[in-house]
Amino acid sequence: MPEWSASDAARPPGPLPAIRPALRYVTRSRASTRADDAPDDVELMNGLAAGDLRALERLYDRYSALVFSVSLRVLHDRQLAEDVVQEVFLRLWRQPASYDPERGRFISWLMSVTRNRALDEQRRVSRRLRIEDQEEEPGRELQSHDRGDDPQLELVLQEQRRAVREALTRLPPAQRRVIELAYFGGLTQVEIAEQTGDPLGTVKTRVRLAMQKLREALSDAADGAGGTR
Amino acid sequence: MRADEREELLTAYALGTLSAPDAEDVEELLRTDPAASAELARYYEIVELIALSVPLRRADPSLRERVLAAVRRESTRRALTPVARARRWLPAAGIAAGVAIIAMWAVNLQQSLDDLRSDNQLLAAIVEADAKRLDALSDAGLVAETRSHTLETQLNDTGVLATIMLDPDVVTSPLEGTSSSHGAGGTYAWSANADAGVLRVHDLPPLPAGAFYRVWLEDRFSRLVAATDFEADFAGAATVVLRGTSDEDPVRVYVVATSSTDTEVVEGPVILQATAQRPTGDTSGDTSGDTDDAAN
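As you go down the protein sequences, you meet chains A and B in turn.
With the first letter of the first sequence counted as 1, position 30 gets the number 30 in the working numbering; the numbers rise by one all the way through.
With the first letter of the second sequence counted as 1, position 29 gets the number 29 in the working numbering; the numbers rise by one all the way through.
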């Protein structure tokens, strides 16, 4: 008789369902730069508001690798990062009006949504990483070939991304570290001070100096990131 | 406040790294200093660029289709459940809408599914019985509150039932008994489009006091989720509406007898079980929509 009990909780009765079939991989080309006649991000968001599924497909093809990569950077878990990707794009579909072009560029808003969702997930599953243990040397993170982009991916926002990497690389390591702990780790200044062992005042100063330098270095990139707006 | 202190607060606020008391200080500053708002907006733009520093990585290529399949499911569900949305705004008209849906449901099923007629009658009987019970209550406030809740639940369930039954892709499977079933049986229907299903059971054995029936849904990854608890009527019959609990459609369903309130633990003898029968022609073993990929 197929029965189960608390002691047998891990196994359902009867045969297990079929093993997950091998995934069918579909190669999809992705434009490295937006074709002149391709709709921009705002037009695509307007398409979403009108229920156009093709608009969502185009946004997915344009930004899913970036959304996934940011989520992966925060969560260090591919499955969780894929969950975040799904939730982010479902949110775009459900609430396209939550993006207001008057309040900023689409990519900034999308990155904000992605980061917040990934940090929420990180807190939910209590997988906040001990970044001090897991983080590789920051300069290597940004410069080494084996930590670079997946070579099979066509790149989006390539110029802006290169500028941001260079700006971060030029920061003193201690300043870069507090930025990464705050942005990707979701840590407060107090938590950063606890983790690094630095005085809180030092952490505050590093955040301020790093942000000032980034602002100086990235003012052009900030303007240029609107290329698909 | 010194200029560098002000800058420290604004940069840290933009980065989201301030503690709550410091963040309140910044919000006070923003209320009183328009220049601070403009400065903060510039820092926000810089902060969101930081995300662009990550090395690009590829997600599983199947993720694209999973996302789009989830969107399609949701779109279909939205299109098929106008009554569920309308009930929020038109509670009085909702009763009539529920009756209309029941009638439409019965008409659509009359030729192919005779047993749905009994469901219709059962639902009508439930509504009538509950209405009588509610009328008997003396506390007017309690009556109103309870009636509203009951009718809302029934209407919602009715809307889901109608949606399932109107779905041409609904998959129906017989519920198989076990040695504990004592002649119980029934049917299980699942609508991927509606992300909902219905169990119709009969002749369930009576349970001891404190025990009840629980429905578990299992997806293709062997993940089990407690879908709902229910009690059968005096004849051992019940109609149970199931709603999707994950992005994956269930591939098996189990009805167990239990007295446990812990929905994290699978416990109790299985009384009935069913395996979802795939539509003819679908041999992928994958309910997530990979067939669309194959067609590409």
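Wrong hints could be hidden among the right ones.
Computed footprint of chain A on chain B; a stretch qualifies when at least three of its residues, placed anywhere within it, have a C-beta under 8 Å from a C-beta of chain A [unchecked claim]:
1. 6 to 15
2. 46 to 52
3. 229 to 243
The following label-pair restraints were derived from C-beta to C-beta distances [as the list claims (entries may be wrong)]:
4. Ser-222/B <-> Gly-201/A: 25 to 33 Å
5. Met-1/B <-> Ala-174/A: 46 to 54 Å
6. Arg-78/A <-> Gln-277/B: 27 to 35 Å
7. Glu-194/A <-> Ala-3/B: 23 to 31 Å
8. Ser-19/B <-> Asp-120/A: 16 to 24 Å
9. Gly-210/B <-> Arg-78/A: 38 to 46 Å
10. Glu-102/A <-> Asp-169/B: 51 to 59 Å
11. Ala-209/B <-> Asn-116/A: 47 to 55 Å
12. Glu-216/A <-> Ala-20/B: 27 to 35 Å
13. Val-190/A <-> Pro-61/B: 38 to 46 Å
14. Gly-183/B <-> Ser-112/A: 55 to 63 Å
15. Thr-169/A <-> Gln-277/B: 54 to 62 Å
The hints are simulated quantities; they were obtained by calculation from the structure and are not laboratory data.
Glycine is no exception: its CB is placed at the ideal position from the N, C-alpha and C atoms.
Here's how the hints hold up against the structure:
Only residues whose beta carbon comes within less than 8 Å of a beta carbon in chain A count, and the stretch 6 to 15 of chain B has 6; three or more means the coverage holds. For a cut-off of 8 Å, the count of residues in the stretch 46 to 52 of chain B with a CB near a CB of chain A stands at 7, and the three-residue condition holds. Using a Cβ-Cβ cut-off of 8 Å, 0 residues of the stretch 229 to 243 of chain B lie near chain A, which falls short of the minimum of three, so the contact claim is violated. Restraint check, Ser-222/B to Gly-201/A: a C-beta distance of roughly 53 Å breaks the suggested window 25 to 33 Å.
Restraint check, Met-1/B to Ala-174/A: a C-beta distance of roughly 25 Å breaks the suggested window 46 to 54 Å. In this structure the supplied range 27 to 35 Å holds for Arg-78/A paired with Gln-277/B, their Cβ-Cβ distance being about 33 Å. A beta carbon spacing of about 28 Å between Glu-194/A and Ala-3/B agrees with the range 23 to 31 Å that was offered as a hint. Judged by the Cβ atoms, the range 16 to 24 Å given for Ser-19/B and Asp-120/A holds: they are separated by roughly 18 Å.
Under the hint 38 to 46 Å, the C-beta atoms of Gly-210/B and Arg-78/A, about 44 Å apart, fit the expected range. In this structure the supplied range 51 to 59 Å is violated for Glu-102/A paired with Asp-169/B, their Cβ-Cβ distance being about 42 Å. Between Ala-209/B and Asn-116/A the C-beta distance comes to about 48 Å, which sits within the given range of 47 to 55 Å. Against the hinted window of 27 to 35 Å, the Cβ-Cβ separation of Glu-216/A and Ala-20/B comes to about 30 Å, which satisfies the hint.
A C-beta distance of roughly 41 Å is found between Val-190/A and Pro-61/B, which places it inside the suggested range of 38 to 46 Å. For Gly-183/B and Ser-112/A, the hinted distance range of 55 to 63 Å is satisfied, since their beta carbons lie about 59 Å from each other. Hint check: Thr-169/A to Gln-277/B, Cβ distance near 58 Å, so the stated range 54 to 62 Å holds.
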